[in-house]
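Take these sequences, add in the hints, and give me the full structure.
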Amino acid sequence: MEVSAFQPRVSAPKSVGKTGVLIVNLGTPDSPSVPDVRKYLREFLMDGRVIDISYVSRFFLVNGIIAPFRAPKSAKIYKQLWTETGSPLKYYGHIVEKELQQQLGDEYVVKLAMRYQSPSIEAGLNEFQKLGLTDIVVVPFFPQYASASTGSVYQKVMELVKSWDVIPAIRFVNRFLEHPKFIEGFAQIARKYMTTYDYDHFLFSYHGLPESQIRKGDVTKTVCQFGECCNTFHALNQHCYRAQCFETTRLLVQALGIPEGKYTTCFQSRLGSDPWIKPYTDDIIKELPAKGIKSVLAFSPAFVADCLETTIEVGVEYKELFEQAGGKHWQLVESLNDSPIWIEALIDLVKTA
9 MEVSAFQPRV SAPKSVGKTG VLIVNLGTPD SPSVPDVRKY LREFLMDGRV IDISYVSRFF
69 LVNGIIAPFR APKSAKIYKQ LWTETGSPLK YYGHIVEKEL QQQLGDEYVV KLAMRYQSPS
129 IEAGLNEFQK LGLTDIVVVP FFPQYASAST GSVYQKVMEL VKSWDVIPAI RFVNRFLEHP
189 KFIEGFAQIA RKYMTTYDYD HFLFSYHGLP ESQIRKGDVT KTVCQFGECC NTFHALNQHC
249 YRAQCFETTR LLVQALGIPE GKYTTCFQSR LGSDPWIKPY TDDIIKELPA KGIKSVLAFS
309 PAFVADCLET TIEVGVEYKE LFEQAGGKHW QLVESLNDSP IWIEALIDLV KTA
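Residues in the sequence shown are numbered consecutively from 9, following the working numbering.
Read the hints as simulated data drawn from the structure, not as lab findings. Treat each hint with caution, since some may be false.
[Stated by the list, open to error] Here are the in silico distance ranges between beta carbons for each label pair:
1. Ala298 x Phe68: 39 to 45 Å
2. His102 x Asn239: 37 to 43 Å
3. Ala177 x Gln109: 16 to 22 Å
4. Thr228 x Arg199: 25 to 31 Å
5. Pro80 x Lys224: 28 to 34 Å
6. Ser62 x Leu168: 22 to 28 Å
[Unchecked claim] Restricting the straight-line Cα-Cα distance to at most 25 Å, the calculated cross-link-like pairs of lysine to any residue (SDA-like) are:
7. Lys87 x Ser128
8. Lys224 x Arg183
9. Lys286 x Ala333
10. Lys119 x Asn182
Positions of the beta carbon are idealized from the N, C-alpha and C atoms, including for glycine.
Next comes the structure, spelled out in structure tokens:
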């Protein structure tokens, strides 16, 4: 029996339906009122990946000490941040959601979510489930991976979908500090200041983490030394948040042509008495004027949208600290917010996840 050499061509399977895109930022209180700020702090700080101690200890620490006493102080700061459109972080989030949906087109459904408070991750996922979507891309808005940020988003998403009868294919964006458009986005904003002023120094301030969390992430138990181990970025330290921050600085310095010795990487927003990753931003700032540094261009590249930690902490509080120490000129490089190049970066991240 003669067998034909012809074989029917089998087409690659085509995607059925649309792809859900869940863009997730950290979160913000619903208002700058004390009750809403307290509610936000409780949800945020009760996350076991944020304060990684036993549940009982965390419960009494957060509900008995931090939330009751910190909420009134934080509410005053949030009132400084708040605008007519509300929280900048949520305001820009909704703009990005709209722009990304428009750019991606009808084959995608884009939803904004916050890890804490609203709009919730659960609401976004439930919308995808109602639409019958079985292909979902989750993009945490954290350039550098950390267990307390990106890791927490992963865990929340998986906890919510594990009970679904049809569990979708889920792809996560792990980090995007190396994405050329992320780097160029910050560089574009910085250049508009660098062309009008000759800065003595460039400061790159990232959100801090307890050293204990960095140690837990070192699966080798040998690499992390909180020092020169972050001077290079390689396979063994690529998951270390501190090393990722130093790599982000190196990429920005290269893009902007900043000379060696004219920049510093440091860490802000520490909480409690346990040691956090160093150097501390406030300590660095106090030392700069004594070294003859009178003008600083400050970056906060752990955040893609303006928020309390950028606009107020780096833009206002650190400016005052610098001037009190003898500095003359302090300028914050704003976050990417809703810039066109940030939308372009997100499109790349979604399509290559």
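The hints, checked one at a time:
A C-beta distance of roughly 42 Å is found between Ala298 and Phe68, which places it inside the suggested range of 39 to 45 Å. A beta carbon spacing of about 40 Å between His102 and Asn239 agrees with the range 37 to 43 Å that was offered as a hint. For Ala177 and Gln109, the hinted distance range of 16 to 22 Å is satisfied, since their beta carbons lie about 20 Å from each other. Taken as a hint, the range 25 to 31 Å is violated for the pair Thr228 and Arg199, whose Cβ atoms sit roughly 39 Å apart.
Under the hint 28 to 34 Å, the C-beta atoms of Pro80 and Lys224, about 33 Å apart, fit the expected range. In this structure the supplied range 22 to 28 Å holds for Ser62 paired with Leu168, their Cβ-Cβ distance being about 24 Å. A threshold of 25 Å between alpha carbons decides the hint, and for Lys87 with Ser128 the separation of about 23 Å falls inside it, so the pair holds. About 19 Å separates the Cα atoms of Lys224 and Arg183, which keeps this hinted pair within 25 Å; it holds.
With a C-alpha separation of about 20 Å, the suggested pair Lys286 and Ala333 falls inside the 25 Å cut-off, and the hint holds. With a C-alpha separation of about 18 Å, the suggested pair Lys119 and Asn182 falls inside the 25 Å cut-off, and the hint holds.
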